[in-house]
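Once you've looked at the hints, dock chain B against the given chain A.
Number of protein chains: 2
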Amino acid sequence: MASLELVRQISRASASKIVLIAIDGLGGLPLTETGKTELETANTPNLDALAARSVCGLSDLVGAGITPGSAPGHLALFGYDPVSCLIGRGVLEALGIDFALGPDDIAARGNLCTVDENGLVSDRRAGRITTDKNQVLCRLLDGQEIDGVRIIVRPVKEHRLVVIFRGSGLSAGVSDSDPQQTGVVPKEVIAVKPEASRTASIANRFVARAKAVLADHYPANMVLLRGFSRRPELPTMTDIYKLKPAAIASYPMYRGLARVAGMKVLDTGTTPEEEMETLKQNFKNHDFFFVHIKDTDSAGEDGDFYRKVDVLEQVDRALDKVISLEPDVIVVTGDHSTPALLKGHSWHPVPVLLYSHWCRPDGVSRFSESACISGGLGRMAATEIMPLAMANALKLDKFGA
Amino acid sequence: MASLELVRQISRASASKIVLIAIDGLGGLPLTETGKTELETANTPNLDALAARSVCGLSDLVGAGITPGSAPGHLALFGYDPVSCLIGRGVLEALGIDFALGPDDIAARGNLCTVDENGLVSDRRAGRITTDKNQVLCRLLDGQEIDGVRIIVRPVKEHRLVVIFRGSGLSAGVSDSDPQQTGVVPKEVIAVKPEASRTASIANRFVARAKAVLADHYPANMVLLRGFSRRPELPTMTDIYKLKPAAIASYPMYRGLARVAGMKVLDTGTTPEEEMETLKQNFKNHDFFFVHIKDTDSAGEDGDFYRKVDVLEQVDRALDKVISLEPDVIVVTGDHSTPALLKGHSWHPVPVLLYSHWCRPDGVSRFSESACISGGLGRMAATEIMPLAMANALKLDKFGA
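Chains as they are written, first to last, in the numbering used here: chain A, 1 to 401; chain B, 1 to 401.
The following block holds chain A by itself, in its conformation from the complex (with noise of 0.2 Å):
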């Protein structure tokens, strides 16, 4: 694969524009009964008339049998290497919320627990309590100073949280304080690199806070923390592509990786049609829209085949908007594969679709797992995609003498 580097070096800026349609868990697979997978079940139109204008492929987006999370299933599909850029769990917690992360602010995703009177782990997720307590009880956490430090606690649902200190001198090389198992007490948060030892006495001490101030809040009578990790220093799309990328999602982790590749968080409603309708309106300021489908992978994880289905066609007729916007080149895939059948993420390669005028269509005229095999892509990886959206759009110079 051409690195990072190479296509910093050869592209350039031009008026030519890249619309990347991201629908999340789009692979799928097949019911027993119909041998078709949720993509080959929905009646996609539109999808397949472009599918056989395109040059289409199947792809992985970090590697064989590897079940891509979605931030490296994202990060791939922008261009970056996902094993190298992988992104923390308190980070990606953080952005999950829609929290404005610094770059030197080190976050941490957080647990409100139960410890019994020996201290000891009893229930690692304090019986699911509501996220109305959880809001309640972080407000009581939220913004101690430890040494200069500012701590910030907020909720995410149920007893989900993110702490996030924010101060100078830190470091994310410290371990986890949440033991992964009930029956046993809280680890200390260890510094693993020498310089972190202050970031782990901070940590400690506002652990030991946090027990002091959630004592009488039975079960969420303590606090786990894991994943310390620092906001990735990614090269931006702008840096790396030259383009004026703009994000349409309505999910706040996508916004937030969006983010982190540099890209304009645009405005947008929940629905395809909706967020076709943020593109129309916004087509004029950016050369690059990515658009993520939310509603396919929950109805995947939810083991919801035929809801799954009826995302499919919702994205299929929201589709006449982009095309009738003529964007010079039109991406069509996923971050990863989520099966009704498994309801959960998968490792299955996920169809790409790759439309432009240059494209050299290769006589897939079906959008599904099954015809893309057949594609002139063939079966690639998903770092590909954006070196080949960046050339049919006429924006890589040639590479060597």
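Treat the hints with care, as some may be off.
[What the hints assert, rightly or not] 20 Å max Cα-Cα, derived SDA-like pairs, lysine to any residue:
{"no.": "1", "chain 1": "B", "residue 1": "K244", "chain 2": "B", "residue 2": "L342"}
{"no.": "2", "chain 1": "B", "residue 1": "K343", "chain 2": "A", "residue 2": "A208"}
{"no.": "3", "chain 1": "A", "residue 1": "K187", "chain 2": "A", "residue 2": "A208"}
{"no.": "4", "chain 1": "A", "residue 1": "K398", "chain 2": "A", "residue 2": "K343"}
{"no.": "5", "chain 1": "B", "residue 1": "K343", "chain 2": "A", "residue 2": "P361"}
{"no.": "6", "chain 1": "A", "residue 1": "K398", "chain 2": "B", "residue 2": "L342"}
[Said to hold, decoys possible] Derived list of chain A stretches under chain B, where covered just means 3 residues or more per stretch with a C-beta under 8 Å from a C-beta of chain B:
{"no.": "7", "region": "339-350"}
{"no.": "8", "region": "362-376"}
[As the list claims (entries may be wrong)] A few chain B residues facing chain A, derived, Cβ under 10 Å:
{"no.": "9", "residue": "G28"}
{"no.": "10", "residue": "P179"}
{"no.": "11", "residue": "G183"}
{"no.": "12", "residue": "G344"}
No lab work stands behind these hints, which were simulated from the structure alone. Since we're looking at a predicted model, the values are computed, not measured. Virtual Cβ for every residue (Gly too), placed ideally from N, Cα, C.
Only chain B this time, still in chain A's reference frame:
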């Protein structure tokens, strides 16, 4: 992909013979009216019959979306990593005029240009002066000696020239004097590596002298230099593959690239027929032949779809001669695509056909972009071609016990 070092460890000499036919700019794009590329439009019964006995695929020369220059394209075909084995512009220009570059020579590409009374570049190409005039001026500039370094100046076409700095202790780590724009003064050559300061000084003194020599030769009253480079020190194809390789190419640059890879360059004519006759005459003396067909690329660059079709049909007819020699392995492919519709090199993968008695044919019975998609080689990296050719020639031992 198997590294060159691994291939080197398991390669062995044998009597079997490999012919690699590189059809420059082979890949194309379909005409809207017919839906067929140049190769799909051409009548190629010999290539098609050979494809039916071959294993086929589509090859990326550098990477997905990357449009290869001629040098990276060919280096990849010879098995070298085209990104790390980059050949500088100056060296390529010297290769292009068959100049015998020494291992310590530093070569720069030059432009005769026009500067105005204030010394600002007003035309980077001196009005594209004639090659005849260029030859006269290069004789005036040639043969100087500065600080013990001999400076050789050779004309190329129109305003283009090559400057070779020959002496000890030189470095290619210097910047261009060519500002790549008009209305500014030529840049000073600057050392970008500490050991290059003397080279920079010599280059600047040469440029100052050239300005004086050319003062009365308006519009060619100045010279701009770029792409200072040294011949890369690659392991030869004999080192790696234990081959006795020969090159048959009518254009100087490809002969130069073949020399860089350690091939013997054979005298030949210019048509595919004449090149295949050269192959026949020399068939006993070598076990590897690189045959380069240039005119497909030239036709593509000119946007002449049907001239490219015609050259492809010439190649097809000349293939008779190759087949009658019964080489053990025949590879037919290209160094990049040059679709007539794009009038230039492009990123599109290139058809590959590999024939041998041991190739495991794949049902592809037409040598074309759309047919090769279904081939047994799939979409592949061009650097895999040489290991596959070597294996099919039974010249590679088993790896590991």
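| Hints the structure fails to honour | 1, 2, 4, 7, 10, 11
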